[in-house]
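As they're listed, the protein sequences go chains A and B. In terms of the UniProt record's numbering, the first sequence has 146 at position 146, counting the first letter as 1, and numbering is strictly consecutive. In terms of the UniProt record's numbering, the second sequence has 62 at position 62, counting the first letter as 1, and numbering is strictly consecutive.
Hints may be right or wrong, so weigh each one.
What the hints assert, rightly or not - Okay, the calculated beta carbon distance ranges per label pair:
hint	chain 1	residue 1	chain 2	residue 2	range
1	A	G126	B	E102	46 to 56 angstroms
2	B	V92	A	K102	19 to 29 angstroms
3	A	S7	B	H99	30 to 40 angstroms
4	B	E174	A	E180	55 to 65 angstroms
Said to hold, decoys possible - DSSO-like cross-link-like pairs, simulated, lysine-lysine; straight-line CA separation at most 30 angstroms:
hint	chain 1	residue 1	chain 2	residue 2
5	A	K102	A	K89
6	A	K102	B	K141
7	A	K216	B	K107
8	A	K89	A	K18
9	A	K142	B	K141
10	A	K51	A	K142
11	B	K96	B	K153
12	A	K142	B	K107
13	A	K142	A	K18
14	A	K102	B	K122
15	A	K89	B	K224
16	A	K92	B	K224
17	B	K107	B	K122
18	A	K159	A	K171
19	A	K89	B	K122
20	B	K96	A	K142
21	B	K96	B	K107
22	B	K153	A	K92
Since the hints were derived computationally from the structure, they do not count as laboratory data. On a predicted model such as this, the values are computed, not experimentally measured, just so you know. Cβ atoms here follow ideal geometry from the backbone N, Cα and C, with glycine treated the same way.
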Amino acid sequence: MGDSQYSFSLTTFSPSGKLVQIEHALTAVGSGQTSLGIKAVNGVVIATEKKLPSILVDETSVQKIQSLTPNIGVVYSGMGPDSRVLVRKSRKQAEQYYRLYKEPIPVTQLVRETATVMQEFTQSGGVRPFGVSLLVAGYDDKGPQLYQVDPSGSYFSWKASAMGKNVSNAKAFLEKRYTEDMELDDAVHTAILTLKEGFEGQISGKNIEIGVIDSKRIFKVLSPSEVEDYLQEVE
Amino acid sequence: MRRKALAFDHFLHLNVGKCSNFGSGVIFEYNGSALVAMVGKNCFAIASDRRLGVQLQTIATDFQKIYRIHHTLFIGLAGLATDTQTLYQRLVFRHKLYHLREERDMKPETFASLVSAVLYEKRFGPYFCQPVIAGLGDDDKPFICTMDSIGAKELAKDFVVAGTASESLYGACESMFKPDMEAEELFETISQALISSVDRDCLSGWGGHVYLVTPTEVTERILKGRMD
Chain A
1 MGDSQYSFSL TTFSPSGKLV QIEHALTAVG SGQTSLGIKA VNGVVIATEK
51 KLPSILVDET SVQKIQSLTP NIGVVYSGMG PDSRVLVRKS RKQAEQYYRL
101 YKEPIPVTQL VRETATVMQE FTQSGGVRPF GVSLLVAGYD DKGPQLYQVD
151 PSGSYFSWKA SAMGKNVSNA KAFLEKRYTE DMELDDAVHT AILTLKEGFE
201 GQISGKNIEI GVIDSKRIFK VLSPSEVEDY LQEVE
Chain B
1 MRRKALAFDH FLHLNVGKCS NFGSGVIFEY NGSALVAMVG KNCFAIASDR
51 RLGVQLQTIA TDFQKIYRIH HTLFIGLAGL ATDTQTLYQR LVFRHKLYHL
101 REERDMKPET FASLVSAVLY EKRFGPYFCQ PVIAGLGDDD KPFICTMDSI
151 GAKELAKDFV VAGTASESLY GACESMFKPD MEAEELFETI SQALISSVDR
201 DCLSGWGGHV YLVTPTEVTE RILKGRMD
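Please take these sequences and the hints and turn them into a complete structure.
Below, the structure written as structure tokens:
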């Protein structure tokens, strides 16, 4: 980028000390579809709305929740294409770690590396920050973990969190419903109820996506029929 | 412009005609070393000789070849002394950063993978070292391995050897080793194996340095052998 006309950073400070581009990125996240995550004693669940622009879209081709390693999964709120770039970079970093140490990457390390990438895009020439916040769910030797990573590159560990359109209602709901000794199945039910709170229209296995990881340490995205089963349990 | 003659100049004639170009095996025999690691019952021992030589001249008799990475992980390095020292510095650097980032010590298996990767990075201009790695892994299970100078790992359940005395060491260990030895017996066995092997190798010797590691303590002992 050295020779380019745009070798200076496009993300610059405002007089009030804010990075306006990051604020705008957070706005993009805030107008994205709601997603949430809950950490249970024996696992983690992440979920998101999957509102498609038209009924003609083949919903089986769309997958918002993706795995970064066999034991770490991620969901986003905001711009889908930006999240794809981050997923690709994170997967590569996880594999590089494995290649060096022959050990699966700890969740905190992967989150830190991903956050570092996001921060780089706030301080490099000619690029803009990512318009996504990520919720990373994983299970490693330290147990189940849930992290949120923002466009600025800051990351936080959460017991339960939400992002996107309905964030304030969802977080309020989670604050009321969350208990420290929640098991994974309870957490999935709570996640569904939280999504239902702000859902416009009829919730079904085809317009939400749920990913879970339990103590067997395999991250799995539930199939639409499995989601339907949980939905019926909630009714 | 001729420099003044220095004390060791009369040794220069020893290098004339002696492998002035270092072919593949000979560089490993420049300084001389003997290294062995053995597994016992919930413990391990790692031992080395103490000689540092320049071909057949002995320069030091207290040269350290076994280094501590953390309290239950040791690496012994055989081969060209300058490379072993540099490699050790690089590995300690990597482990310190790992410890700061991950807030934990490296498991021996992980460290072995790291050493292998570091060595292979220099595949076409390698470090002339042969490492011996010994540590206590999960549940205090002893782990030993060795690798060649470009990182080919060799895991073993009983013992691993390296250095100019390696062939003698293989023989001595094979006959003296028993599985599941307790700490004291392991110490005796590894010491006997080391001393008898270095006595048959002119490039290693001048005593021995043995580390005996159990989950609760690390014992370091110096052995006296034939001082030649």
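Evaluated hints:
1. G126/A <-> E102/B: 46 to 56 angstroms: violated (33 angstroms)
2. V92/B <-> K102/A: 19 to 29 angstroms: holds (20 angstroms)
3. S7/A <-> H99/B: 30 to 40 angstroms: Since S7/A and H99/B have Cβ atoms about 37 angstroms apart, the given range 30 to 40 angstroms holds.
4. E174/B <-> E180/A: 55 to 65 angstroms: Given about 57 angstroms between the Cβ atoms, the range holds.
5. K102/A <-> K89/A: Holds, at about 19 angstroms.
6. K102/A <-> K141/B: Status holds; Cα separation ~18 angstroms.
7. K216/A <-> K107/B: holds (22 angstroms)
8. K89/A <-> K18/A: holds (27 angstroms)
9. K142/A <-> K141/B: holds (20 angstroms)
10. K51/A <-> K142/A: Not OK: K51/A and K142/A at ~35 angstroms, beyond 30 angstroms, violated.
11. K96/B <-> K153/B: This hinted pair holds, its Cα atoms lying about 23 angstroms apart.
12. K142/A <-> K107/B: Cα-Cα ~15 angstroms, so holds.
13. K142/A <-> K18/A: violated (35 angstroms)
14. K102/A <-> K122/B: Holds - the C-alpha atoms of K122/B and K102/A are around 19 angstroms apart, at most 30 angstroms.
15. K89/A <-> K224/B: Not satisfied, since the Cα-Cα distance of roughly 56 angstroms exceeds 30 angstroms.
16. K92/A <-> K224/B: Violated. K92/A to K224/B sits at ~52 angstroms, over the 30 angstroms cutoff.
17. K107/B <-> K122/B: holds (24 angstroms)
18. K159/A <-> K171/A: holds (11 angstroms)
19. K89/A <-> K122/B: holds (26 angstroms)
20. K96/B <-> K142/A: holds (21 angstroms)
21. K96/B <-> K107/B: holds (13 angstroms)
22. K153/B <-> K92/A: holds (25 angstroms)
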